[in-house]
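Chemist: As given, the protein sequences belong to chains A and B, one line each in that order.
Mapping of the first sequence onto my numbering: position 138 corresponds to residue 138, and the numbering continues sequentially without gaps.
Mapping of the second sequence onto my numbering: position 174 corresponds to residue 174, and the numbering continues sequentially without gaps.
Wrong hints could be hidden among the right ones.
Straight-line distance between alpha carbons at most 30 Å, and here's what the computed DSBU-like set of lysine-lysine pairs gives [as the list claims (entries may be wrong)]:
1. B:127 <-> A:9
2. A:42 <-> A:166
3. A:96 <-> B:173
4. A:96 <-> B:127
No lab work stands behind these hints, which were simulated from the structure alone.
Values in this document were obtained by computation on a predicted structure and should not be read as measured data.
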Amino acid sequence: MDRIEIEVKLNKDRAWLLETLSAMSQDDLFRARTESEHDSSKSWSYADHFIHTTLIEQNWNAMFRRHVAGEQGMPQRLNKDGTAQSRDEVMAGIHKWTETWADEHRGKPLGELVRAGLKVRADTLGLLAELTDEQLASTIPGTPWADSTVGGIMAANADHGRMHFKYAKEGALSGS
Amino acid sequence: MERWEIEARLNRSRASLLETYAAMSAAERSRPATNSALNAEVEWTAGDHFLHIIDPEQQIVEAIRRQVAGEEFPYPVLFDAEGNRLSSDVFLPIIHARNDTWLADHHDLTFDEIVALGAEVRARVLKLLSELTVEQLAEPLRNMPWSVFAANIGELFMLVAQHGESHYSQAIKGVEARSAPA
Numbered sequence: 001m002d003r004i005e006i007e008v009k010l011n012k013d014r015a016w017l018l019e020t021l022s023a024m025s026q027d028d029l030f031r032a033r034t035e036s037e038h039d040s041s042k043s044w045s046y047a048d049h050f051i052h053t054t055l056i057e058q059n060w061n062a063m064f065r066r067h068v069a070g071e072q073g074m075p076q077r078l079n080k081d082g083t084a085q086s087r088d089e090v091m092a093g094i095h096k097w098t099e100t101w102a103d104e105h106r107g108k109p110l111g112e113l114v115r116a117g118l119k120v121r122a123d124t125l126g127l128l129a130e131l132t133d134e135q136l137a138s139t140i141p142g143t144p145w146a147d148s149t150v151g152g153i154m155a156a157n158a159d160h161g162r163m164h165f166k167y168a169k170e171g172a173l174s175g176s
Numbered sequence: 001m002e003r004w005e006i007e008a009r010l011n012r013s014r015a016s017l018l019e020t021y022a023a024m025s026a027a028e029r030s031r032p033a034t035n036s037a038l039n040a041e042v043e044w045t046a047g048d049h050f051l052h053i054i055d056p057e058q059q060i061v062e063a064i065r066r067q068v069a070g071e072e073f074p075y076p077v078l079f080d081a082e083g084n085r086l087s088s089d090v091f092l093p094i095i096h097a098r099n100d101t102w103l104a105d106h107h108d109l110t111f112d113e114i115v116a117l118g119a120e121v122r123a124r125v126l127k128l129l130s131e132l133t134v135e136q137l138a139e140p141l142r143n144m145p146w147s148v149f150a151a152n153i154g155e156l157f158m159l160v161a162q163h164g165e166s167h168y169s170q171a172i173k174g175v176e177a178r179s180a181p182a
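Let the sequences and hints guide you as you build the complete structure.
Modeler: Below is the structure:
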């Protein structure tokens with residue numbers, strides 16, 4: 001995926017999400033849609049799903065920077081005794097991490113969530129501008145997203161946003 | 001005007017320009033479209049219009065930064081050494097010369113490099129947009145040439161999108177006019 005395709009995709013999908021969420025009523029935006037995967041007593045709204053994608057985008061940018069700096073982009077998750085975590089342990093850790101982020105942003109108005117996402121998107125775009133074609137095409141070992149290339153994963157921010165919108169839309173807690 | 005509206009407008013406009021210019025062949029981007037506003041012997045190609053819009057965008061970012069930092073004259077080019085506002089007759093040729101110089105200075109860039117340069121400047125625009133408060137976005141422009149087109153800082157961000165679209169339109173019309181039978 002070249003830099004033009006990546007930038008176009010990021011721009012279009014972010015614009016679509018902004019327009020779609022902003023057209024919702026406050027009730028629709030903040031109503032429970034899905035159950036938290038970390039704590040079943042909590043729920044995620046469209047707004048929670050939206051701000052979640054900002055956390056991942058921020059995390060991916062850090063991963064890209066490690067990778068192009070020659071470090072391990074995707075560190076292996078280890079237990080305290082140094083053994084590799086099982087998939088269930090990895091997912092539990094991720095769900096806990098994402099729930100902490102959701103907790104930090106829950107209750108904020110959409111305008112503040114947009115602002116937080118915009119700050120990270122600016123960083124993403126700045127990084128895209130800095131990376132060479134070779135860096136965009138390089139594979140980050142161990143990553144399960146897109147085609148595992150820097151460019152592919154960066155563009156997957158767009159898919160991630162749409163995917164979480166879909167999760168919220170189809171959420172079992174929606175009552176519709 | 002809300003922050004999300006500005007961001008969505010910028011995103012849609014940039015995506016459209018990228019898709020449109022990327023769909024052109026290198027030869028199409030190199031077709032003469034218009035003449036320089038300063039020197040009729042200098043031609044701007046369709047691609048030059050795409051390259052051009054990056055410079056005003058970065059000037060706008062800098063001017064907004066200066067205004068929110070409290071500067072009374074956030075766009076110094078508009079004023080002489082004594083602080084008097086330049087007349088259009090004096091100001092516009094300065095801008096036109098700057099525009100031609102910008103094109104000349106970046107003439108060797110490939111299309112991909114121009115896209116990357118534009119993305120770098122757009123990243124600065126978005127970062128600044130994320131930093132400003134709602135009140136700052138609603139601030140009237142202070143001593144800026146763009147106050148003819150934009151009433152406040154939020155609208156000035158929007159003007160970036162309009163400027164790109166306007167230059168695309170100029171480029172296409174210019175190319176068509178030049179290829180029309182005499």
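Chemist: Would you mind marking each hint as holding or not holding in the structure?
Modeler: Results of checking the hints against the structure:
About 19 Å separates the Cα atoms of residue 127 of chain B and residue 9 of chain A, which keeps this hinted pair within 30 Å; it holds. With a C-alpha separation of about 19 Å, the suggested pairing of residue 42 of chain A with residue 166 of chain A holds against the 30 Å cut-off. Between residue 96 of chain A and residue 173 of chain B the CA atoms are separated by roughly 56 Å; this puts the pair beyond 30 Å, and the hint is violated. As the CA atoms of residue 96 of chain A and residue 127 of chain B are separated by approximately 29 Å, the hinted pair is consistent with the 30 Å bound.
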